[in-house]
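These protein sequence lines are chains Y, X, F and V, in that order.
Heads up: the first sequence is residues 1 to 437, going by this note's numbering.
Heads up: the second sequence is residues 1001 to 1370, going by this note's numbering.
Heads up: the third sequence is residues 2001 to 2219, going by this note's numbering.
Heads up: the fourth sequence is residues 3001 to 3158, going by this note's numbering.
Hint data in this document are derived by calculation from the structure and do not stem from the laboratory.
Predicted model only: the values in this text are computed from it and were never measured.
A portion of the hints provided could be inaccurate.
Said to hold, decoys possible - One-sided excerpt, in silico: chain X residues whose CB lies under 10 Å from chain V:
#1 1010
#2 1023
#3 1026
#4 1029
#5 1032
#6 1041
#7 1152
C-beta: ideal position from N, C-alpha, C; glycine also.
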Amino acid sequence: MNDVLVPALTPAARVAGAMKGFAQEIGALSAFRMESCIHCGICAEACHYYIATEDPQYTPIWKIEPFKQAYKREASALAPLYRLFGFKREVTADQLTQWQHLLFDSCNMCGRCSLICPMGIDVAELIEQSRHAMFEAGLAPKELYDKAAHQQLTGQPEASAEPYRDQLLAIGLKFDVPVPMDQPDVDIMLCVPRTDIEHYPTAVAALARVMQYLRCSCTFRSDGLVAENYGYYAGGKDWQRDISLRLIDQAIECHAKILLIPECGHAYTALRWEAADLYGRALPFKVLSVTEFLGEELKAGRLKLGPSTLGTATFQDPCELRRKGGVNEAPRALMKAMKVDLRELENHGGFSFCCGGGGGVLDIEQAKPLRYRTVEVKLREIDATGAQTLMTSCSDCRRTFDDAQAHFSWDKRPQSLLELVADNLLGSNRSDSGATP
Amino acid sequence: MPHDSDLNVGEMLRRHGVGRRAFIKFCTATVSALALPPWMGPAMADQLREARRPSVIYLSFQECTGCFESFTRSFAPTIENLIFNVVSLDYDDTLMAASGDAAESALAQAMQQNFGKYVLIVDGSIPTGAGGACCTAGGRSAVDSLREAAKGAAVIICVGTCSAFGGIPFANPNPTEAWPVSAIIGDKPLINVSGCPPVPEVITGTLLQYVTTGRLPDLDEQRRPKAFFGNTIHDRCYRRPFYDEGKFAKSFDDEGARNGWCLYELGCKGPTTYNACATLKWNGGTSFPIESGHGCISCSEPGFWDKGSLYAPLATAEWGKAGDNSPVRTLELGAAAAAAGGVIGVGSAGLGRWRQHRREHPIGNPPEDE
Amino acid sequence: MDLLSFSRGLGLKVAIAIFCMGVAWRILAFVLLKIRRDFNKPRESILKYSIGGLITTMARSWPHREFIGRTGPGEALGYSYHLGLFAVVLLFTPHILFLGSLFGFTWPGLPSSVITIISVLTLTLFLAVLFRRVTNPVMRMLSNFDDYFSWFVTMLVLVTGLAATAHVGAPYETLLAIHILSVDLLLIWFPFGKLMHAFYIMPSRAINGALLARKGATS
Amino acid sequence: MSRLRDIPIHVEPSAQIEPPARAGGLGGGVTAILSEAAGLLEKLADGGKPALIDLRSLPMSPRDRAALQGALGEGEVRVTLNADGISTLYETAIAGLWWVEHRNGQGDLIAELLEITRFPLILDSAPDEIATSAAALRALVHAGSTAHMAGEEHATRQ
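When you get a sec, could you build the whole thing from the sequences and use the hints?
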């Protein structure tokens, strides 16, 4: 498919687009949040971009300054006065262009700033809303915009050598694990991050094996294979809806009761917490992250796990799953069951630092140098635990750490929690478990 | 009782058998009472003895004679006889034996004889209502008498809040359209000795200070001598430690009041009142209002009668008409204002939504085919 | 009609009216904007996440363990001058009487000498806060007219109050009038600046806390 | 019929607030007065003018006054002056420092001072009085000699 160029808009059109985006996002809640900010600057102290660079421009609430300007001039109590006396300047095209770096390159939407604000403002959500305006202004980063456009049209963020459906079946064969495809009537509908199909086939195999072990009636759907949602990253709300609709329609078609989100952070947020709102009504099925699902299976006793041979390990809680998503106990319950010697990070659980790759930043080329500076914060923290292995349950985190490992020739590589579970299934009907990663 | 006015003070004192040492003692005591520097005592004594005995004219207008009572009650120094020897009181319709035409001619003669040199003491406010008819003496209104007397006065000493600031006659609704002296005579040096009545020693002290130094004492913006009106009652109140410790009487007979605690919560206006009550005290240093258990009512301040209840604490809002600032009134005000604000708020929200709508569906450029 | 009677009479009435009107206006102006309905299934029951919201309201008053190292000094400074202000305004006997005359009930206060000490301390903290806002690069970048003017208006009340108790510079009645006029100014400016955060802080924490708790997310 | 003045009025001295007396040492006020007096005395010593300290205008509780009096002690000279009430002056143990106390006809204390001088001013006889008193004495002497003569007449007249 041809590349869709990011529309070259005139400055006026850019501003109009941004204002349209902001207007769509202004509501009682976002207005209340922007009204409550007292400019205390504490949110910077939570943001790994500010911590790594000490550069004031990365203060989270500063990233939504254009949104505040738009709101104050358009819909606030004193809007007429703001406009008349120019207390708040109109948003300009140059300003928007300058803010692209702040809203995309230097923000993973990880939500850590929302935990520290003394006024309780959910800064991360304001940033997500501001991205929508940037998208409408044609200022979404090219890499994200193209993938979002491509995924909205074809279902895949970028073209692939072979259709993902065939690659998936090939993985099944290679790892000798059943990969149910397009079954008509199942309990669970599966999907995978296209990152796993291309980079981590073992994770796909692990998912299939676990499902086989649990004897779940489940299936992949060739028209709804990809878990990622580049509309969410680029801020294109309509595209995000269309991309989610693919999965929703397929789940409805195969009468699934559960739509299982694989080890992918933003996919969970996009499906679990935002798809229904974009869809306009409640989803007729449950949306579970695979980690969450395995946690439930473990608790229910259906999933039995043996002790893993892993040495000491530390766990990176994916921001979208843990801090923003609420998948809290499952990962540690699974690791405990596998007798993993867990060494917690200094900032762990809901307060853990972001790996720096989320929110689409991993795909933005110009964000690379800054990303490497921020991921150092995380790497130092991981080394400080003295654990031999780093585990996580999100493929974007995994890719970020791999990329950092290559860049810094770091002595560790990220290990997927799902794969570890797949390798330690107790009494699996196949004693020779699949090829270890 | 015309005195031989060309005798100086010293000769006059000797005529009355008052020795030099007694006079030095009197001056030392006066200086101490006036809180003036002690070395002024002997200096005052020598200076006074050579001074010409100034002529004093005491005119009473719309007043209750409370100030004159206070004037003659002055205890320290033993003033009553000495003041009449030091100063030749040429006219005082309360004290003088003469009356009717004799009194008026005495007044005219005194004014004519000492034209430009006599001290004019005025007591009481000057009513201008009904052409000054509200206060007349011998067919002449107070306003005319004052204007005429003021022409030849070297200085005018307004004794009492009535002459100084209008006092109670001046209070709302002021039926007689009473005015303070300063509102009628503008071109003469004037000293206000306010108080209702003023402390006796303050009147005599101010008079003596002028007589001995021949100049106006240091005056504050209200033209009151700073020697007596320089500090607030609150700053000189012996109960101040209780104010600082937060010990307040809550009612006039509760444990706090009996222990002599601060009367701030019972409406004491000490903090905004400048006078010497707390130091000189009344009745020869016996006591003063606060010491007797009642809050200061700020009688030496302008408009003290119109500042609302004497028992509403100084800090209450409005400090105005009693009951006007009751919580109910505050609630009504707040609710009405909030309602108005609400209406504007609804308008703002409506306007905000409308502008949002216009921004979401911009007219003009065709909607992109999304 | 001298200055004190005006500041405490008409002036105060106008100030209270503008204050109430302004607050109602500002709150309704955003409360009545679009409220988007959530269709996603909450992780907790409405009761549970409402309680979660209340917990956040208290919890957010103290920095989390992970943040205290970085935000401790800043928040401590902010807290101390707020506490100083509350102590002076709510526990100084004349203030209690003033508020009592407005609202009808009074309560015991601290001794006046203690309050004077506290207000001098609060004054220095105020200056420290301004120094921090001007020197801290993040705060300096974020600050606008509203931040500095709101600080100034609150500071003015404190300074004039101290001047009034110290009887310095002018007769007490004038100082008291200036002090109450500065309170009137504060009341008038209150709804149009950041001081509105006094009304926003608890509901904001509660609502945002509840929305996070609804997802079972960390808050 | 009971008359107004029959109502018994009993005046109680108000509860004086006693400032906390420091154990043993003099109250803060007393020390201040003593140091001021010392300063004035030093000035007098090297040729300065006499000076006065007005004790009544200073906030002094009865205990402070007693402490001051105790501290200064009493010298050799004590004078009582009968002029419109009794005044007592005495030189304290510190030479040149006189304690002056004036009372009026009713015995009320109307002034109380410390006078730093070689000789209190009020005791001095004024120069102009000397002339008149000299004349009076001369007259007395004259009258005396005639009285002597008259005395005999007087004596005889009785």
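These are the hints, each one checked on the structure:
1. Restraint check, residue 1010 of chain X versus chain V: the minimum CB separation of about 9 Å is within 10 Å; hint holds.
2. With its C-beta approaching chain V no nearer than about 9 Å, residue 1023 of chain X sits inside the 10 Å limit, and its interface hint holds.
3. The interface hint given for residue 1026 of chain X holds, since its Cβ lies 7 Å from the closest Cβ of chain V, which is under the 10 Å cut-off.
4. Taken as an interface hint, residue 1029 of chain X checks out: its beta carbon lies about 4 Å from the nearest beta carbon of chain V, inside 10 Å.
5. Among the interface hints, the one on residue 1032 of chain X holds; its C-beta lies about 5 Å from the nearest C-beta in chain V, closer than the 10 Å criterion.
6. Checking residue 1041 of chain X against chain V by beta carbon gives a least distance of about 7 Å; that is within 10 Å, so the hint holds.
7. Interface restraint check: residue 1152 of chain X against chain V, minimum CB-CB distance 34 Å, threshold 10 Å, status violated.
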